[in-house]
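Trainee: One letter stands for each residue in the lines below.
There are 2 protein chains.
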Amino acid sequence: MVNPLFLPELREMLAEDNAAELTEFCNTLNAGRTAEFMEGLEDTDLWAVLQYADADRRAEIFGYFDEQRQVGLLQSQEPRQVAELVDRIPSDDRVDLFQQLTGTRAQTILPLLPVADRRDIQRLCSYDEGTAGSLMTSEVAMLSETLTVSGALEALGNQASELETIYYLYVVDEDNLLRGIVSTRQLVSSLRTPSRTLGDLMETDVVVAEVDEDQESVAEKVEHFNLLAIPVVDSGRQLLGIITHDDVIDVVREELTEDAHRIAAVEPLEEDYLRIGLLNLSWKRGIWLIILFFAALLTAFALEHYHEELNKFIWLVSFIPLIISAGGNSGSQSATLVITAMTSGQVELDQWRKVLGREVIVATVLGIFLALIGYAVAIFLAPTPVAALVIPMTLVAVIFVGCFFGASLPLIFQRLGLDPAMMSNPFVAGIVDILGIIIYINIARLLL
Amino acid sequence: MVNPLFLPELREMLAEDNAAELTEFCNTLNAGRTAEFMEGLEDTDLWAVLQYADADRRAEIFGYFDEQRQVGLLQSQEPRQVAELVDRIPSDDRVDLFQQLTGTRAQTILPLLPVADRRDIQRLCSYDEGTAGSLMTSEVAMLSETLTVSGALEALGNQASELETIYYLYVVDEDNLLRGIVSTRQLVSSLRTPSRTLGDLMETDVVVAEVDEDQESVAEKVEHFNLLAIPVVDSGRQLLGIITHDDVIDVVREELTEDAHRIAAVEPLEEDYLRIGLLNLSWKRGIWLIILFFAALLTAFALEHYHEELNKFIWLVSFIPLIISAGGNSGSQSATLVITAMTSGQVELDQWRKVLGREVIVATVLGIFLALIGYAVAIFLAPTPVAALVIPMTLVAVIFVGCFFGASLPLIFQRLGLDPAMMSNPFVAGIVDILGIIIYINIARLLL
Numbered sequence: 001m002v003n004p005l006f007l008p009e010l011r012e013m014l015a016e017d018n019a020a021e022l023t024e025f026c027n028t029l030n031a032g033r034t035a036e037f038m039e040g041l042e043d044t045d046l047w048a049v050l051q052y053a054d055a056d057r058r059a060e061i062f063g064y065f066d067e068q069r070q071v072g073l074l075q076s077q078e079p080r081q082v083a084e085l086v087d088r089i090p091s092d093d094r095v096d097l098f099q100q101l102t103g104t105r106a107q108t109i110l111p112l113l114p115v116a117d118r119r120d121i122q123r124l125c126s127y128d129e130g131t132a133g134s135l136m137t138s139e140v141a142m143l144s145e146t147l148t149v150s151g152a153l154e155a156l157g158n159q160a161s162e163l164e165t166i167y168y169l170y171v172v173d174e175d176n177l178l179r180g181i182v183s184t185r186q187l188v189s190s191l192r193t194p195s196r197t198l199g200d201l202m203e204t205d206v207v208v209a210e211v212d213e214d215q216e217s218v219a220e221k222v223e224h225f226n227l228l229a230i231p232v233v234d235s236g237r238q239l240l241g242i243i244t245h246d247d248v249i250d251v252v253r254e255e256l257t258e259d260a261h262r263i264a265a266v267e268p269l270e271e272d273y274l275r276i277g278l279l280n281l282s283w284k285r286g287i288w289l290i291i292l293f294f295a296a297l298l299t300a301f302a303l304e305h306y307h308e309e310l311n312k313f314i315w316l317v318s319f320i321p322l323i324i325s326a327g328g329n330s331g332s333q334s335a336t337l338v339i340t341a342m343t344s345g346q347v348e349l350d351q352w353r354k355v356l357g358r359e360v361i362v363a364t365v366l367g368i369f370l371a372l373i374g375y376a377v378a379i380f381l382a383p384t385p386v387a388a389l390v391i392p393m394t395l396v397a398v399i400f401v402g403c404f405f406g407a408s409l410p411l412i413f414q415r416l417g418l419d420p421a422m423m424s425n426p427f428v429a430g431i432v433d434i435l436g437i438i439i440y441i442n443i444a445r446l447l448l
Numbered sequence: 449m450v451n452p453l454f455l456p457e458l459r460e461m462l463a464e465d466n467a468a469e470l471t472e473f474c475n476t477l478n479a480g481r482t483a484e485f486m487e488g489l490e491d492t493d494l495w496a497v498l499q500y501a502d503a504d505r506r507a508e509i510f511g512y513f514d515e516q517r518q519v520g521l522l523q524s525q526e527p528r529q530v531a532e533l534v535d536r537i538p539s540d541d542r543v544d545l546f547q548q549l550t551g552t553r554a555q556t557i558l559p560l561l562p563v564a565d566r567r568d569i570q571r572l573c574s575y576d577e578g579t580a581g582s583l584m585t586s587e588v589a590m591l592s593e594t595l596t597v598s599g600a601l602e603a604l605g606n607q608a609s610e611l612e613t614i615y616y617l618y619v620v621d622e623d624n625l626l627r628g629i630v631s632t633r634q635l636v637s638s639l640r641t642p643s644r645t646l647g648d649l650m651e652t653d654v655v656v657a658e659v660d661e662d663q664e665s666v667a668e669k670v671e672h673f674n675l676l677a678i679p680v681v682d683s684g685r686q687l688l689g690i691i692t693h694d695d696v697i698d699v700v701r702e703e704l705t706e707d708a709h710r711i712a713a714v715e716p717l718e719e720d721y722l723r724i725g726l727l728n729l730s731w732k733r734g735i736w737l738i739i740l741f742f743a744a745l746l747t748a749f750a751l752e753h754y755h756e757e758l759n760k761f762i763w764l765v766s767f768i769p770l771i772i773s774a775g776g777n778s779g780s781q782s783a784t785l786v787i788t789a790m791t792s793g794q795v796e797l798d799q800w801r802k803v804l805g806r807e808v809i810v811a812t813v814l815g816i817f818l819a820l821i822g823y824a825v826a827i828f829l830a831p832t833p834v835a836a837l838v839i840p841m842t843l844v845a846v847i848f849v850g851c852f853f854g855a856s857l858p859l860i861f862q863r864l865g866l867d868p869a870m871m872s873n874p875f876v877a878g879i880v881d882i883l884g885i886i887i888y889i890n891i892a893r894l895l896l
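Top to bottom, those sequences are chains A and B.
Numbered as in the working numbering, the first sequence ends at 448 without a single skipped number.
Numbered as in the working numbering, the second sequence ends at 896 without a single skipped number.
Worth flagging that the hints you see were computed from the coordinates, not collected in a lab.
Fair warning: there could be bad hints in the mix.
Stated by the list, open to error - Computed footprint of chain A on chain B, listed as stretches where at least three residues anywhere in the stretch have a Cβ under 8 Å from a Cβ of chain A:
| # | region |
| --- | --- |
| 1 | 530-539 |
| 2 | 579-590 |
| 3 | 755-765 |
| 4 | 790-796 |
| 5 | 812-818 |
Remember, predicted model here, so these are calculated numbers, not experimental data.
Ideal placement from N, C-alpha and C gives every residue a C-beta, glycine not left out.
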């Protein structure tokens, strides 16, 4: 979001080198809004204005620019200033940005960082995309269980500005093994007993994420347990970092958007729609279009097989698109409903009987309804009212096939350990198209 | 999630009336896991076990049962115990549950609640679904700006157990007008200056939600500003409540799932897929199937118009489903990509030129590719290699039409203030089907 309201004033202040007003501009408003007002500036001007903010505030404002802009600034501005800024960016965001810098730029910046930050970046870089490790931040309040309530509050006060979240305290032993957690809520509620220790207060049955756990599974835990943050541990239960709620919203958004793309037969994009390379985009769409194309070719061969009938009853041809689309649309409705219900945890695999039972009823209702409309139209185009019966009969059968396969394929793919969103719709479309044609011509053969 | 591991033990403890062990069971584990272990019990047993937990803990465990179960328990169990529990449920969840009780049950429970809770429920019930008001909780830390850091911490300590979140303090004047916010982080960081007031610390440029603001817009603010909670105010800036991050995840999930349903031409369901009434479900699917059906009818009339050509070149019929599905699939890819990119804020309306430019290039690449495969097949089915050229030429044109309308209709609908997700795909399908047929036959007329 760019807000041009203050751009002229900002440019004027820069031209006049008006430090007092620039400092005031940087520090008065909410950091997010400050960022919006600055975003219309050129890189150099924007960077110059940023230097008037305190170091922490600067990192906070910077965090609101869009990612492409952030990378551009880190890539192009004065290395020492960049390093000073990088030092203050939350460790999880910092790694994501660092991985987008050119190799030579990263090599320029890294040596300018304190040793601890350098090691932190290198360590976090090593986790695979899509795992808990790739989302976590290592800035976490690790305290000993012998610390008292008042001692913990004091320790927290000293560290607060460096931590991404202070809302849980993680109690660890001398080897950093996770022993328990204390929420700041509990800590604050225990202020009247300041000499109790964290060991007394802590909850030891902690929900954790394994460092190589899939991000979707991590997001489910955070949602289910309503957590503000989840600790990330290695297989020996050593505390490595935490994942905070804002990253979980991103994961949920990413996963659901991927589902939508897969349902529409597009390989999920790793980049924004407007940024991804056009050849890459063509590939991600083309690969599924070709698969669907081969499925549709089967219908061409099936129809080829029925030329004699079609030539005799040419009016049947008019209804081919209608028949196929009725089956395809009801099938994609069923598939999408079942896929989204599985993604959001409303449907489990062992409920397949209930799912199919419901689909059969809905298919019957929908089939009868569309058949009635279809018959009303077919009477006009078909030679006789009896011949017109081919259309409603086919519609009932095709919608049944659509709903049945639409609902069962996602369940079957899930059972096989495949992604139901990716595989279902193309297969449903293929099956319904070819079965639709076969049903249509054979009902016509029977009746005509 | 039901975990049957402890069910036999729990039933035994209940049979023996073993208070000590039941109390221990209720209070030892993480509340979420305790809920999983209990969820396999019948309502009466589950309720009996719950009574062994402290009142706050009981509400916490109860919060992890699925909503249907929660409503069932509130509907059926002993009214006084129910009222005691309801008193402890966070105010936003409590209202949602209350609205699902039968009228007579609600009238039984309401008088048993303290006056303040009763009024709170009645007030929150009055906000429309989908607005900020319907999501908010009224349990919020409202403090005066003259309060000192140590005073605020103490006040917080006293109220902590009743507040849904203690991570922001809201500074209000005597009329409850919102003056500013102080994060608990700032408070804790300021422990060394305990006599500073909240007025000194508070940020006055606060991001707020209006009480009648759409939930999607609220979620965007929370995501953009990385908030743990957002204050909800009326038009006079009186603080009414807050919306917390967990409700925002639910909104994001709900909105994206609605998009997926609309893209597949299903009216979004208000209930879980397995719970919604079958007639209701049939209606939500049928209404769009009928609209799509009428669109497909147009293709039937178009084909009717071309019977002469089709009768002469019956091999053309075989490719009808292939032509239509190539256009339809590329169109639904484009529409889905543009819709999801708009929902996630990657594409703004004024970027339409860039979107269409990119789609034209991708359409060309995809069209040429599929045309090559199509020609290879058509040579076998068409009478001459020249006649076979109809297929690749049509494919290029139809994929172009699909991508172009697929990308532009969501933009146009957005511009008109309609929901792009709801309107685009059916219209794209209709337009592409009919244009596909017209293009196909006219290219055939030219070449044959």
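Trainee: Take the hints in turn and mark each one as holding or not.
Mentor: Hints, verified against the model:
no.	hint	in the structure
1	530-539	violated (count 0)
2	579-590	violated (count 0)
3	755-765	holds (count 6)
4	790-796	holds (count 4)
5	812-818	holds (count 4)
Consistency note: the structure conflicts with the earlier hints numbered 1, 2.
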